[in-house]
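Produce the entire structure from the sequences given, and follow the hints as far as they go.
For the first sequence, position 263 matches number 263 in full-length UniProt numbering, and the numbering has no gaps at all.
No lab work stands behind these hints, which were simulated from the structure alone.
Bear in mind the structure is a predicted one, so any value in this text is a computation, not a measurement.
We put the beta carbon where it would ideally sit given N, CA and C, even for glycine.
Some clues are possibly wrong.
What the hints assert, rightly or not - The list that follows gives simulated cross-link-like pairs (lysine-lysine, DSS-like), each with its CA atoms no further than 27 Å apart:
id	residue 1	residue 2
1	LYS191	LYS178
2	LYS73	LYS97
3	LYS345	LYS57
4	LYS396	LYS322
5	LYS79	LYS274
6	LYS396	LYS336
7	LYS271	LYS73
8	LYS396	LYS379
9	LYS178	LYS131
10	LYS3	LYS60
11	LYS379	LYS345
What the hints assert, rightly or not - If you anchor each label on the Cβ, the simulated ranges turn out as follows:
id	residue 1	residue 2	range
12	GLU106	ASP443	46 to 54 Å
13	VAL22	TRP197	31 to 39 Å
14	GLU416	ASN111	31 to 39 Å
15	GLN348	GLU469	33 to 41 Å
16	VAL412	ILE18	26 to 34 Å
17	ASN111	LEU431	54 to 62 Å
18	GLU447	VAL22	52 to 60 Å
19	GLN251	GLU193	35 to 43 Å
20	THR170	GLU193	22 to 30 Å
21	LYS16	ASP72	35 to 43 Å
22	GLU193	GLU416	49 to 57 Å
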Amino acid sequence: MLKVFNTLTRQKEVFKSINPNVVNMYVCGPTVYNYIHIGNARSAIAFDTIRRYFEYKGYKVNYVSNFTDVDDKLIKAAKELNITVPEVADRFIEAFKEDTSAINIEPATVNPRATENIPEIIDFIKVLIEKGFAYESVGDVYYRARHFEHYGELSDQNIDELEVGASEHTDPAELEKKEDPIDFALWKAAKPEEISWESPWGAGRPGWHIECSVMSTKYLGDTIDIHGGGQDLEFPHHENEIAQTEAKTGQKFANYWLHNGFVTVGDANEKMSKSLGNFVTVHDIIKTVAPEVLRFFMATTQYRRPIQYTEANLADAANNLKRLETAYNNLNYRLKDAEAGNDPKVDQEVRQIQANFVDAMDDDFNAQNGIAQVYELAKLGNIYAENQRVDQGTIKMILEQLQAMVNVFGIVLKSEELKDDHIEALIQERLDARKNKDFARSDEIREQLKAQGIILEDTPQGTRWRREE
RNA sequence: GGCGGUAUAGCCAAGUGGUAAGGCAGAGGUCUGCAAAACCUUUAUCGUCGGUUCGAAUCCGAUUACCGCCUCCA
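Printed below as a string of structure tokens:
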């Protein structure tokens, strides 16, 4: 039985979707004014892994994730790059797609953009004004937070104890337009020259939170199963989304709220963020780190835990992944001489490991325990592959299960078909030399190939080779 | 000031009452002509103090350190 940690209740709850076998989830996507950094990637990976596990369990997942394509930062970026806001957005949406594809994130069912939903946003705001939850003020529209009785429940905040300005990001001019400092903007009047849309309140653009409410309800309905995002979005972003949406629909917005932990960096263990400037972009890092290693590194840590981004940890991940690939290759190699049939005892062990894997992942997507089962399976496979006689059915079963499990983490194990006449000729020559106990020549050939990055491995089934990583 | 999170071996990291999963790195071994890969063995009393209990990493209280959010942020 799948349990998820629900931020709303701060405990693990049994997951039950609204419609059987379907999961509707909305995950807050990036503001597209820059390349995504590793922290953004973590969020994308966390929820992609969750999505993949639902799919592994047989659910159909409707996965909606937005692009925030207009806000202060885009306007600033457009100015700096001397291009328009939509051009900035297009450029970095394209980059986002390239980067997330590199780390094997499944494309979302829909990637709606804020600017493509302006009429819906305006209609949504109108309803909030009609219901008394919002008010216009000098061309801006604000949400009357105190009016929503559950305000603060997601993040356990008491309205009266919120310290205004604690984050040092408040705008004094904006405060003056609000009835109450905790109110937040639904619509912002355009400054001269700024990109804007016509509205009943004059030219302007949407506030940050409203787009998610609008697009989530538009594409997935008033009540969704899962709403996800980074922990930093818990307050105020998600709090505000709840306030807006529930005020409008009168329905519960999301049954389960899931929040992923941060990527921290450096000795201080600080959160990686664009504003701190301590970030590494995916665009850059995958030039030197294999994308699947980055993916493996992040996907195999439980999504709520912080991840410390260091070279050493990345190197560990690379070793771990290699171990799985080796096992996969070891098994594939034996497929050639395997005989028809199955080994019932081993098959049973595989099924047990699979069941353990499901148990682990059912516990709030406990990837560490999940991957531990994958290692168990790899070990079982390695041991089995050393048998003199192996059964084809069993080998295939282990291979399939390995692949299915790592697929949840967004990893695809590859078994390269190696073909090289020159190398094979040398291997043959070496075999002959060994037969004649000419070990000097034999070792010479191996050294020669090693210099070319080719590793030879002698097995009872013959000599095989691979490229050094 | 309010709210929340984390603290387990050299490193990463499981583990919510019964005597510390797993991986990496290290050491020893098996296999090998030698290797490689694999496999086997081996490495901790759980931030600190106190309490509850037959028994606690796990519950309670206190304390320390670090991190995050409080309307920029995944």
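Practice prompt. Please test the hint of 49 to 57 Å on the beta carbon pair from GLU193 and GLU416.
Written response: holds (56 Å)
Worksheet entry | Given pair status - LYS131, LYS178, alpha carbons within 27 Å | holds (18 Å)
Discussion item. Against the 27 Å threshold, does the CA-CA distance of LYS396 and LYS379 hold or violate the hint?
Written reply: holds (15 Å)
Worksheet item: Are LYS271 and LYS73 close enough, with their CA atoms no more than 27 Å apart?
Response: holds (20 Å)
Practice prompt. Indicate whether the distance between the beta carbons of VAL22 and TRP197 respects the range 31 to 39 Å.
Written response: holds (34 Å)
Worksheet item: Can the suggested window of 26 to 34 Å be confirmed for the beta-carbon pair VAL412 and ILE18?
Response: For VAL412 and ILE18 the Cβ distance comes to about 32 Å; the hint holds.
Worksheet item: Is the hinted range of 46 to 54 Å satisfied by the C-beta distance from GLU106 to ASP443?
Response: holds (48 Å)
Worksheet item: Does the alpha-carbon distance linking LYS191 and LYS178 stay inside the 27 Å limit?
Response: Within the cut-off at roughly 18 Å; holds.
Worksheet item: Given the hinted pair LYS379 and LYS345, is their alpha-carbon gap at most 27 Å?
Response: holds (15 Å)
Worksheet item: Taking 27 Å as the top limit, are the C-alpha atoms of LYS396 and LYS336 close enough?
Response: holds (11 Å)
Discussion item. Next pair to validate is LYS396 with LYS322; report whether the Cα-Cα distance is within 27 Å.
Written reply: The hint holds at about 20 Å.
Worksheet item: Range hint 35 to 43 Å: satisfied by the CB atoms of GLN251 and GLU193?
Response: holds (40 Å)
In summary, the structure agrees with every hint in the numbered list given earlier.
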